[in-house]
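For reference, the chains in residue letters:
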Amino acid sequence: MEPHIRSAFDKDLEGVQALVMKMGGLVEHALLRAAEALEKRDEALAEEIRQGDRAIDELEDLVNVECARIIALRAPTASDLRTVLTVMRIVASLERSGDYAKNLAKRSLVLAQMRPINGANGSIARMARSVVGLLKDSLDAYITRDLSLAQDVRNRDAEVDQMYNALFREFLTHMMEDPRNITACMHLHFIAKNIERVGDHATGIAEQVIYLVSGTAPADDRPKNDLTSLPISETNS
Amino acid sequence: MKDINIEERVVSDHKVKITARGVQVHYGTTHALKDVDVDILSGTVTAFIGPSGCGKSTFLRCLNRMNDTVSSARVSGSILLDGEDIYDKRVDPVQLRAKVGMVFQKPNPFPKSIYDNVAYGPKIHGLTRSKAELDAIVESSLKKAALWNEVKDRLAAPGTGLSGGQQQRLCIARAIATSPEVLLMDEPCSALDPIATAQVEELIDELRSQFSVVIVTHSMQQAARVSQRTAFFHLGHLVEYGETGQVFTTPKDPRTESYITGRIG
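Protein chains in written order, with my numbering: chain A, 1 to 237; chain B, 238 to 502.
Next up, chain A with everything else stripped away, as it sits in the complex:
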């Protein structure tokens, strides 16, 4: 799109979007490293991720202040208005995702004191990498205004749901095998659920891209594969 006559307006809009991308980078990093801390039982790394969440929260505050300024001073309309609105929603999603990374790090500290569950940490790290891929693509779609990539992210969230379903069953099995696994498995299950939630946030960001580019939110239901809220008998059939 051509530049504004008032170039300061362009600078303001580019500024907040740059902050979003910076925040996205921090969240992706936190998720990957938190999963790594879990996998390697690295308590120092987990502690570092916990502390790092503050920077993500501060970025969100900064973006919200900047957006309020743009709305008050520049009265954005049309695609400019959608840019500001989507920026505000995206940073809310990123902030929440950052919280999940922090929570993952916190639980990994607890889990490091317990007997490891076979294979679980590796599966969770794989799931985290997959979700970070979604998050990264949704932000790339945002900055390049790429509708087809945004659609692709929406569709790929089903894969994350599938990984979560598999983990859910795996944890059930471990808990039924040996009740001493229950505490660890409960923590691992919350971690898996939270990572799955990050996938939902990535999908939400992709939907913001669709709204930003097209002016309307996507109407069709996206594919979902989270079956764990259904009765067990149905998920096994």
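Everything labelled a hint here was simulated from the structure, so no lab data went into it.
Quick reminder that beta carbons are idealized off the backbone N, C-alpha and C, glycines included.
Please note that the accuracy of each hint is not assured.
As the list claims (entries may be wrong) - Pairwise CB distance ranges, derived in the manner of DEER restraints:
{"id": "1", "chain 1": "A", "residue 1": "P3", "chain 2": "B", "residue 2": "K389", "range": "31 to 37 Å"}
{"id": "2", "chain 1": "A", "residue 1": "A92", "chain 2": "B", "residue 2": "S313", "range": "53 to 59 Å"}
{"id": "3", "chain 1": "A", "residue 1": "P223", "chain 2": "B", "residue 2": "A428", "range": "55 to 61 Å"}
{"id": "4", "chain 1": "A", "residue 1": "S214", "chain 2": "B", "residue 2": "I432", "range": "38 to 44 Å"}
{"id": "5", "chain 1": "B", "residue 1": "P348", "chain 2": "A", "residue 2": "P3", "range": "34 to 40 Å"}
{"id": "6", "chain 1": "A", "residue 1": "L73", "chain 2": "B", "residue 2": "I432", "range": "18 to 24 Å"}
{"id": "7", "chain 1": "B", "residue 1": "D430", "chain 2": "A", "residue 2": "L73", "range": "17 to 23 Å"}
{"id": "8", "chain 1": "B", "residue 1": "K380", "chain 2": "A", "residue 2": "A92", "range": "47 to 53 Å"}
As the list claims (entries may be wrong) - Every beta carbon over 10 Å from chain B, so not counted as near; a handful from chain A, in silico:
{"id": "9", "residue": "H4"}
{"id": "10", "residue": "I5"}
{"id": "11", "residue": "R6"}
{"id": "12", "residue": "G25"}
{"id": "13", "residue": "I71"}
{"id": "14", "residue": "L81"}
{"id": "15", "residue": "T216"}
Claimed, not checked - In silico contact screen, one side only, chain B against chain A (beta carbon under 10 Å); selected entries:
{"id": "16", "residue": "V307"}
{"id": "17", "residue": "L364"}
{"id": "18", "residue": "Q458"}
{"id": "19", "residue": "A461"}
{"id": "20", "residue": "E480"}
{"id": "21", "residue": "V484"}
{"id": "22", "residue": "F485"}
{"id": "23", "residue": "T487"}
{"id": "24", "residue": "P488"}
{"id": "25", "residue": "T498"}
{"id": "26", "residue": "G499"}
{"id": "27", "residue": "R500"}
The hints should help you fit chain B onto chain A, whose structure is shown.
Frame of chain A; chain B shown alone:
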């Protein structure tokens, strides 16, 4: 509990007041307005926006035949007010302008008393039979223009002695004294300070229950604030016409988008 009507700006069920079809205006060799089709609704504020020279004022002036007074102007196409062609030979432009009133950019009260400014129109159109009737029209017009309380004790004072915002409201009172059906406003707030602007905008919103209001404004924010329908003109074309919220959030035409977001002048 009463439901809050968030769709109060929706006026799509209102009747069409003015129908314009294929309106073209030439000033000498300049083609100022090109094939404009538009339906202006009753009980609605319609804003015309667009860069200078886009044709919005030209079109506004077609609606009460003000272009008749410009010798080089040629108007073609049809403009119907309640289904009747206002360019029909049998239509008296002076009578038409009593029905389609106009308020201009700069407040231009007559060099007469406040009372006479408002009484002038009803007098020359012979709308009243007695002094008492005229008094009543002056009072109700000044009340509708939200000026009554400020001037009721000095109706004999000259209209030119009022502040700019008061003068503009006096001009609005003068325009509505002849009970028009449509009120045309050509940048009515461009000479006013923000408070006077807010008062006039509030007034415009109140007036729309009785008149169709058509306002030309250079302030897009004003268009967004006061109107229910917005028409965007560019280079003599009516580019887009729609519900104001839609035009300002999801304009259909890329030229509208560029203009309202401040990318083209």
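Here is what the structure says about each hint:
no., hint, result
1, A:P3 / B:K389: 31 to 37 Å, "violated, 53 Å"
2, A:A92 / B:S313: 53 to 59 Å, "holds, 55 Å"
3, A:P223 / B:A428: 55 to 61 Å, "holds, 59 Å"
4, A:S214 / B:I432: 38 to 44 Å, "holds, 40 Å"
5, B:P348 / A:P3: 34 to 40 Å, "violated, 49 Å"
6, A:L73 / B:I432: 18 to 24 Å, "holds, 20 Å"
7, B:D430 / A:L73: 17 to 23 Å, "holds, 20 Å"
8, B:K380 / A:A92: 47 to 53 Å, "holds, 49 Å"
9, H4, "violated, 5 Å"
10, I5, "violated, 5 Å"
11, R6, "violated, 6 Å"
12, G25, "holds, 28 Å"
13, I71, "holds, 12 Å"
14, L81, "violated, 6 Å"
15, T216, "violated, 7 Å"
16, V307, "violated, 31 Å"
17, L364, "violated, 42 Å"
18, Q458, "holds, 6 Å"
19, A461, "holds, 8 Å"
20, E480, "violated, 14 Å"
21, V484, "holds, 9 Å"
22, F485, "holds, 5 Å"
23, T487, "holds, 4 Å"
24, P488, "holds, 5 Å"
25, T498, "holds, 5 Å"
26, G499, "holds, 5 Å"
27, R500, "holds, 5 Å"
When held up to the earlier numbered hints, the structure conflicts with 1, 5, 9, 10, 11, 14, 15, 16, 17, 20 and fits the remainder.
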